[in-house]
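Residue numbers (my numbering), protein chains in the order written: chain A, 22 to 539; chain B, 7 to 376.
I should point out that these hints are in silico values taken from the structure, not numbers from a laboratory.
Incorrect hints may appear among the rest.
Label pairs and their in silico Cβ distance ranges [as the list claims (entries may be wrong)]:
(1) B:L163 / A:R392: 50 to 58 Å
(2) A:T99 / B:S326: 40 to 48 Å
(3) A:E360 / B:G316: 52 to 60 Å
(4) A:A137 / B:F285: 38 to 46 Å
(5) B:E346 / A:Q170: 33 to 41 Å
(6) B:F285 / A:M399: 28 to 36 Å
(7) A:T309 / B:A152: 52 to 60 Å
(8) B:A152 / A:R392: 20 to 28 Å
(9) A:E360 / B:A16: 32 to 40 Å
(10) B:S277 / A:Q170: 21 to 29 Å
(11) B:A16 / A:R88: 30 to 38 Å
Note that CB positions come from ideal geometry on N, CA and C, so glycine has one too.
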Amino acid sequence: MATLVKGADPSTAPDAVVVRGVTKRFPGVVANHDVDITIRRGTVHALIGENGAGKSTLMKILYGVQRADEGSITVNQTDANFSSPTDAIKAGIGMVFQHFMLADNLTVLENVVLGAEGRHGIGDKARAEIRRLSDAYGFNLDPDQLVEQLGVGQRQRVEILKVLYRGAEIIILDEPTAVLVPQEVDALFDNLRGLRESGHTILFISHKLDEVLAIADDITVMRRGTTVGEAKPGTVTKHQLAEMMVGSELPSPETEESTVTTQVLLDVADLTLVDDRGRHLLKDIDLTIHKGEVLGIAGVEGNGQAELVESVMGMRKATGKVTLADRNLAGRDTRERREAGIGFIPEDRHRHGLLLDATLWENRVLGHQTRSPSSKGMLIDQRAARADTDRIIAAFDVRTPSRETHARALSGGNQQKLIVGREMSGDPVLLIAAHPTRGVDVGAQAAIWDHIKTARRNGLAVLLISADLDELIGLSDRITVILRGELVGEFDPRTVTPQQLGAAMTGGRDEQAGEETQ
Amino acid sequence: MNIMKKVGIALVAPVAALLAAMAITSAVIIAVGGPPVDFWRVMLSWPEADEIVNITNQASMLYLSGLAAAIGFRMNLFNIGVEGQYRVASYVGAIVAGTAIGPGLFTAGLAIVAAMVTGAVWAAIPALLKVTRGVSEVISTIMLNAIAGFLVGYLLLNYGQEIGNDRRTTPLEADTTFTGWTPFEPADGAIWTLTILAVLAGAAFWFVINRTRFGFDLRATGMNESAAVASGVNVKRMVVISMALSGAVAGLVWLPELFHESRTASFYSGSQFQTGLGFAGIAVALLGRNQPVGIAFGAVLFAFLSVQAGDLEFEHVDVSKDIVLVAQGVIVLTIVIAYEVVSRWRERLEQRQIQRALQRPGTPEEAVAS
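Build out the structure end to end from the sequences listed, making use of the hints.
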């Protein structure tokens with residue numbers, strides 16, 4: 022670490038990382054395009070953006086897990102198109118993943134030297150080096166303690182120690198505060214300041230605006246795969262950042278005249294979900310959706326959106342009442358709820374929506390196993406399922422050579438169109454759409470928006486969850502905001518401004534509160 | 007993809023894997039100073055009539071064992087406990103068959119049902135532990151294998167008939183056994199009647215897995231558990247049912263041998279019972295990619311190799327016949343690797359085909375626009 026300059030003056034030091042015009046494509050999706058970032062040496066640089074904005078792809082490119090298709094990356098003024106993390110580590114880049122990669126039954130020392138035995142051996146020399154690093158940055162770690170005895174904050178410090186031990190000068194932290202309680206966050210920030218003092222450069226990835234404003238020297242905002250702006254903490258407000266993150270252009274998916282009726286289709290009352298440790302994931306959620314109405318749920322990721330959806334679907338056992346078209350769904354399992362007429366476009370299509378190694382027609386059957394045309398009695402009706410898959414492929418413009426193609430081979434947008442088509446089959450009453458256009462190309466996005474509008478016109482109730490304010494404002498008849506598992510405000514999409522939503526989403530009581538509609 | 011190409015792709019992996027396995031096994035033989043050429047000459051010679059009968063009988067039991075393992079594997083359940091399940095089930099089946107409580111056929115039917123139920127119950131134990139307590143089925147089934155061995159040994163010791171140093175269950179009445187089918191000279195032996203169980207179980211497996219709602223749920227759970235949950239599958243129930251089914255099929259494994267009419271008598275005893283079929287079934291299921299037809303090939307191949315190994319001594323080939331175990335192990339490894347390589351290659355091929363198919367009519371790469 023001889024190259025480190027103690028307390029380097031960021032204004033004169035050369036830039037640590039310069040990213041120019043980086044583009045990364047996956048089949049059918051552009052994960053990153055025209056990404057430009059300049060990270061000054063000896064600073065904490067925050068990279069913010071909603072999930073799916075392309076932060077993790079960029080991170081993987083910087084750390085050598087994936088290669089960019091276009092563009093240039095320079096680290097310490099040398100060209101750095103890494104082909105593996107080993108190259109990145111050699112160049113002085115270290116990464117701390119959100120999910121810790123530690124062996125519980127090994128000591129701190131053993132975890133740190135694992136894979137880096139060549140640096141200081143595995144004995145007393147290594148122990149001394151770990152002590153030195155731990156003391157230098159106030160990590161307060163005992164090299165001989167078992168990792169299983171450590172708390173979350175300490176484990177994270179072990180992870181940081183691991184990258185320091187490997188000689189990293191540039192440290193990437195992926196959502197480091199996601200797993201920490203507030204006191205631990207403060208301790209982490211103290212550690213980060215210590216690292217900055219000693220000349221390290223830190224890339225801090227997050228979507229928590231308060232924290233970013235508290236720690237960062239520079240902020241870069243990503244949205245839909247590209248960098249959309251830069252800011253300094255002193256001169257930008259939380260609202261402005263939120264706006265940059267979720268977009269504030271005029272809503273493109275404009276809804277036509279209201280089709281809302283007075284007939285309540287979904288009635289959720291006192292829905293409460295508590296986790297193993299007794300914390301409220303959802304608290305007394307009350308909401309109703311009428312026939313022909315789209316209810317949008319806005320909120321910063323991780324405030325209970327996924328839990329709300331899974332509770333309504335019966336995938337999680339929450340307390341409270343869920344009534345669908347005057348039918349009480351309490352105690353009903355997921356299959357019964359689907360049979361009662363819930364269509365579900367999941368947030369993560371690969372995890373919850375598809376069998377990637379099955380054919381398209383088999384994916385058509387998924388979720389409809391007990392209903393025509395997928396099955397007849399106890400048997401799968403292959404002929405009818407295949408025929409209906411052809412219908413979906415045609416009606417929803419799924420670009421595929423045939424219904425026998427494996428779902429894995431399709432692009433994200435076409436996979437999503439198949440899911441939308443499937444979930445709109447069988448006369449649903451309620452459509453739950455969680456981030457329906459996440460990670461799909463613009464063509465598919467427009468098509469999916471059209472289908473949701475059609476569904477609304479046909480009298481469906483739609484529960485729409487999205488991190489994209491354009492989408493929410495453009496499609497919803499009403500928007501309510503979820504914050505820490507509670508619904509905290511309702512807005513009229515025709516009059517609401519992104520600023521108002523941003524304030525409500527971040528619990529922004531420091532600035533003017535969101536204006537509630539009557 | 008046209009049919010010829012499909013068949014070609016399907017054959018590339020096993021053929022390449024078998025050739026690689028032969029090469030590796032030969033290298034092992036050379037390393038221990040044996041004659042690889044003589045070894046393969048004996049192993050690959052056409053089997054004698056009695057050997058063909060033997061191969062068929064062994065293959066039927068391996069096939070049932072492979073099917074039992076495959077039911078779990080299709081759902082990502084690692085039922086390593088077929089060994090214990092068929093041991094307990096065979097013992098109970100032999101006891102029921104030996105009671106002669108009704109006409110021969112009735113007794114046999116009852117014994118088959120008893121064996122299946124016993125296997126199912128034995129397999130349901132790890133399933134219940136898994137869904138209620140989160141115990142890994144790998145650990146609990148392995149431990150239940152040991153328990154099964156001790157339990158049957160204990161019961162035989164206390165309640166079995168004494169014959170020499172061994173204990174046995176009451177032998178089956180003559181009318182409870184089946185004569186089998188003698189395709190060659192009587193001296194060459196008979197193909198056991200209940201090898202038909204393997205055929206029936208295979209057909210039922212294919213139908214249930216590919217044609218029924220239950221089979222769909224099972225495959226969906228195996229391919230993507232969280233998606234299956236979101237689609238309305240009750241995974242806990244599926245775990246219990248499919249483990250029980252796996253155990254029920256495991257209960258059939260040794261029955262073809264038990265019910266065949268022999269010169270002495272048919273019974274369960276420490277020396278009469280054939281162990282190891284459950285573990286071999288895991289390899290057979292892997293070889294057959296958990297598909298009914300594939301498992302049949304795997305079972306025949308394993309039975310063929312085991313039976314042919316008996317000739318090594320007669321032909322004075324200076325190689326231990328245990329080298330066949332090495333060959334079997336190597337085959338499993340090469341097949342698994344070859345299939346993985348081929349399936350990745352096929353995946354890429356499919357993706358390229360799609361791109362080509364979609365680029366022809368109009369918009370080539372709408373995605374780039376964003």
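Sort out which numbered hints this structure fails and list those numbers smallest first.
Per hint list: 2, 8, 10 violated.
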